[in-house]
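Protein chains in written order, with this note's numbering: chain A, 148 to 576; chain B, 65 to 385.
The set of hints was computed from the structure by calculation and includes no laboratory data.
Treat the numbers as computed from the prediction; the structure is a model and nothing was measured.
For each residue, glycine too, the CB sits at the ideal point set by N, CA and C.
Please note that a few of the clues may not be correct.
Which residues of chain B face chain A? A few of them, derived with a C-beta cut under 8 Å, are [to be verified]:
(1) Tyr144
(2) Arg149
(3) Met155
Derived DSSO-like pairs (lysine-lysine); straight-line CA-CA distance at most 27 Å [stated by the list, open to error]:
(4) B:Lys154 with A:Lys150
(5) B:Lys290 with B:Lys242
(6) A:Lys150 with B:Lys153
(7) A:Lys289 with A:Lys315
As a plain string of letters, each chain reads:
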Amino acid sequence: MGKLLTVLRREYTERVRSRWFLISTALGPVFFAAIGVLPLVLASRTRPSPDLSHIVVLDATGTDLGRRVAGELAGGIAAPESQAIVRAVTPDALARAESTATHDVMAGESGPLGYLVLDSATLAGTAARYAGRNASSLIDVKRIEDAVRQSVLALRLEGEGLEPRRIKALTDFQLDMRAERLTTRGREAGGLASALFAYLLAFLLYTMIVIYGQQILRGVMEEKTTRVAEVIVSSVSTDTLLTGKVVGVGAASLTQMLLWTAGALAMLELRRPILARFGIPNPTVPLPHISAAVAVVLVLFFVLGFILYAGLFAAVGATVSNEQDAQQASLPVMLLLILAIIFVQPILLEPTGTLARVMSWLPFSAPILMPLRMTIIQVGWGEILATLAGVAFGCAATVWLGARIYRVGLLMYGKRPTLRELGRWVRQA
Amino acid sequence: MPDSALLVEHITKRFSGHDAVRDLSLSVPRGTVYGLLGPNGAGKTTTIRMVLDILAPDEGRILILGRANTDDAVRQRVGYLPEERGLYKKMQVRRMLRFLAELKGVPGREADRRISRWLERFGLIENGRDWGRARVDELSRGMQQKVQFIGALLHEPELVILDEPFSGLDPINAQALKDTVVDLRREGRTVVFSTHLMDNAERLCDSICIIARGERQLEGELATVKAQHGGRHVALELASGDAARAVAMLHDASVVRTLDDSNRSFELELAPGADPQALLRRILDAGARVERFEMVRPSLHRIFLDVVGATDVEAGMSGHG
Numbered sequence: 148m149g150k151l152l153t154v155l156r157r158e159y160t161e162r163v164r165s166r167w168f169l170i171s172t173a174l175g176p177v178f179f180a181a182i183g184v185l186p187l188v189l190a191s192r193t194r195p196s197p198d199l200s201h202i203v204v205l206d207a208t209g210t211d212l213g214r215r216v217a218g219e220l221a222g223g224i225a226a227p228e229s230q231a232i233v234r235a236v237t238p239d240a241l242a243r244a245e246s247t248a249t250h251d252v253m254a255g256e257s258g259p260l261g262y263l264v265l266d267s268a269t270l271a272g273t274a275a276r277y278a279g280r281n282a283s284s285l286i287d288v289k290r291i292e293d294a295v296r297q298s299v300l301a302l303r304l305e306g307e308g309l310e311p312r313r314i315k316a317l318t319d320f321q322l323d324m325r326a327e328r329l330t331t332r333g334r335e336a337g338g339l340a341s342a343l344f345a346y347l348l349a350f351l352l353y354t355m356i357v358i359y360g361q362q363i364l365r366g367v368m369e370e371k372t373t374r375v376a377e378v379i380v381s382s383v384s385t386d387t388l389l390t391g392k393v394v395g396v397g398a399a400s401l402t403q404m405l406l407w408t409a410g411a412l413a414m415l416e417l418r419r420p421i422l423a424r425f426g427i428p429n430p431t432v433p434l435p436h437i438s439a440a441v442a443v444v445l446v447l448f449f450v451l452g453f454i455l456y457a458g459l460f461a462a463v464g465a466t467v468s469n470e471q472d473a474q475q476a477s478l479p480v481m482l483l484l485i486l487a488i489i490f491v492q493p494i495l496l497e498p499t500g501t502l503a504r505v506m507s508w509l510p511f512s513a514p515i516l517m518p519l520r521m522t523i524i525q526v527g528w529g530e531i532l533a534t535l536a537g538v539a540f541g542c543a544a545t546v547w548l549g550a551r552i553y554r555v556g557l558l559m560y561g562k563r564p565t566l567r568e569l570g571r572w573v574r575q576a
Numbered sequence: 065m066p067d068s069a070l071l072v073e074h075i076t077k078r079f080s081g082h083d084a085v086r087d088l089s090l091s092v093p094r095g096t097v098y099g100l101l102g103p104n105g106a107g108k109t110t111t112i113r114m115v116l117d118i119l120a121p122d123e124g125r126i127l128i129l130g131r132a133n134t135d136d137a138v139r140q141r142v143g144y145l146p147e148e149r150g151l152y153k154k155m156q157v158r159r160m161l162r163f164l165a166e167l168k169g170v171p172g173r174e175a176d177r178r179i180s181r182w183l184e185r186f187g188l189i190e191n192g193r194d195w196g197r198a199r200v201d202e203l204s205r206g207m208q209q210k211v212q213f214i215g216a217l218l219h220e221p222e223l224v225i226l227d228e229p230f231s232g233l234d235p236i237n238a239q240a241l242k243d244t245v246v247d248l249r250r251e252g253r254t255v256v257f258s259t260h261l262m263d264n265a266e267r268l269c270d271s272i273c274i275i276a277r278g279e280r281q282l283e284g285e286l287a288t289v290k291a292q293h294g295g296r297h298v299a300l301e302l303a304s305g306d307a308a309r310a311v312a313m314l315h316d317a318s319v320v321r322t323l324d325d326s327n328r329s330f331e332l333e334l335a336p337g338a339d340p341q342a343l344l345r346r347i348l349d350a351g352a353r354v355e356r357f358e359m360v361r362p363s364l365h366r367i368f369l370d371v372v373g374a375t376d377v378e379a380g381m382s383g384h385g
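In isolation and in its complexed conformation, chain A is listed as follows (with noise of 0.2 Å):
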């Protein structure tokens, strides 16, 4: 016990006491602030395509849909040149049309962008089809679709006899749509802060697990080539070595959590005064609510989540004696993150989804997931404790699996180990 704790100190102080730890832990709030919020302001700023002027609608409905559509589409703009071209056809050549016009589509840039059918079905408001390079644009996509439902509308109304000026006074608004989170606890913070409040925190176990659980790859493959190694494990196992590395280290992230917590907290609070002196209100920031039983469950993720990747990259750097191999060689364990981290907006998009389920429930992603889905929405408490538990079995597995090829690979020197050696090496561990 003496020796483990004697190994986990060297291995927290050194970590707090270097010069990278104090400037991370100073500047972290700015880094997470840029690649956590920019993203999303970005986001939320870009427009979609400038020109959806530039598409070809192909009205087989016989009536002026067509028209209205396009100059829906051009924002009530009525100048010809700035509108969709509009073709009417009729319901018979409606496919030699549109061949002709994935033909024009297809030519690239100097054709145009996609074209829309409208068609009887549109007109009974069923179905409307667009095909073009920018399909995959779901805003541009909603847009024609919100032209094409707007001028239907506008159709049917005139239809009743309704002037088109009423109607247009009636039918265009803007609505903004407020979302507040409920749950069994009541009422919380908006909708948007939780998803962003749960973006952040997904990315900063992510970024948390690789930087810390890169440094035990890098402390493990320091030990194996300066040969302190080996004068360690003459007085201590190497499981002890590997405990109080893998604690140590842990432990040293988890503080940097907690000032940056306490930075972030303190942040707020000294925001109101210096807001005030500029003469502008404190706006309010709605946190996500918390509760001490969730902030337990959130750490425990992390803990286990580092102890699952601190085993794997630890055996990592055992089988490796430079930089290069290094890197190769933890690319499979960064493959497993960068596969969780790739959920992240899938999930954000649709948290109660079957891929959000079973990729939170898969050990190797749910300490960054499950979190992530907890704060977005109400899990069951059922289902986040057994989450855990399969964290923890993972854990078990990676630590026993990286426990023995630490003990063989540390005091391995040369070229790396093929993977059957590296089988070879747990089995006689």
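With chain A held as given, fit chain B onto it using these hints.
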């Protein structure tokens, strides 16, 4: 009290297909300096790693100070300097040493006192400059080696194991190391060191063991080994430039059985029945100026070459010693 500081009984270690150490037994008397000698690749480092329980032997057992070497408490009484030196590069020297001492159970404050004493003794505190406050990678190679050596001794071990301690040391540091080994022996501690430099072994060791190809070739007190390795040996030194005149008769198999030619100085074993006086006369008659002609016990170097076989020395693998 057992009289062996270290007892190794019939240990064997196999590495994927080849035997690194085969049925090796050693006995190191307490309070002596013991040399583990062998060419590169003989199994010295593997043996030492097994003694320290870094590797487990496939067969056999090892006792340190009368107790199994797997016992944590007994390993606390052993100091170890590995062949490949290593320290945490970014760590302050004093904190590094304190860490090593604490791993061996020395309380922090006591460790600090001992560290200061050792740093002074090895000249790492001088002219008001305390190298202990520097980072490890700010030290010269020689200084780092001293630090590592201090790290092995801070817990005042009863058994000190040094793997190739002289490799890479300059003459001044080598002398400091030798002095320390002598001091340790005076304090009643046992020192085991491996080396392939026979000169140092010959001057320092009370007992030796020569191993080659993972097997023990010879073990015993140095004096006994020399006596047993009988033969009539002559140490011969010629004036500079005169070697060429004497070379022909030194290669005469009827007079000289084996010859170790070091250009100006020679160690030769007389052939049975050869007369040393006649040999001396022939050398003088050839016009060579003799600076030394002495009947001697065979040197450890000579014994080593005889036992191991000169070819094996050449073929020695690097790496695991």
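For this session: Let me know if the C-beta of Met155 (chain B) comes in closer than 8 Å to any C-beta of chain A, holds or violated.
Result: holds, 6 Å
Problem set entry | Pair hint outcome, Lys150 (chain A) versus Lys153 (chain B) [Cα-Cα no greater than 27 Å] | holds, 21 Å
Exercise. Are Lys290 (chain B) and Lys242 (chain B) close enough, with their CA atoms no more than 27 Å apart?
Worked result: This hinted pair holds, its Cα atoms lying about 22 Å apart.
Problem set entry | Supplied contact hint for Tyr144 (chain B), tested at 8 Å Cβ to chain A | Where the cut-off is 8 Å and the nearest Cβ of chain A is about 5 Å from Tyr144 (chain B), the hint holds.
Exercise. When the nearest CB of chain A is found for Arg149 (chain B), is that gap smaller than 8 Å?
Worked result: holds, 7 Å
Exercise. Lys289 (chain A) and Lys315 (chain A): Cα distance at most 27 Å?
Worked result: holds, 20 Å
Problem set entry | 27 Å limit on alpha-carbon distance, applied to hinted pair Lys154 (chain B) and Lys150 (chain A) | holds, 21 Å
The structure is consistent with each of the numbered hints, conforming to all of them.
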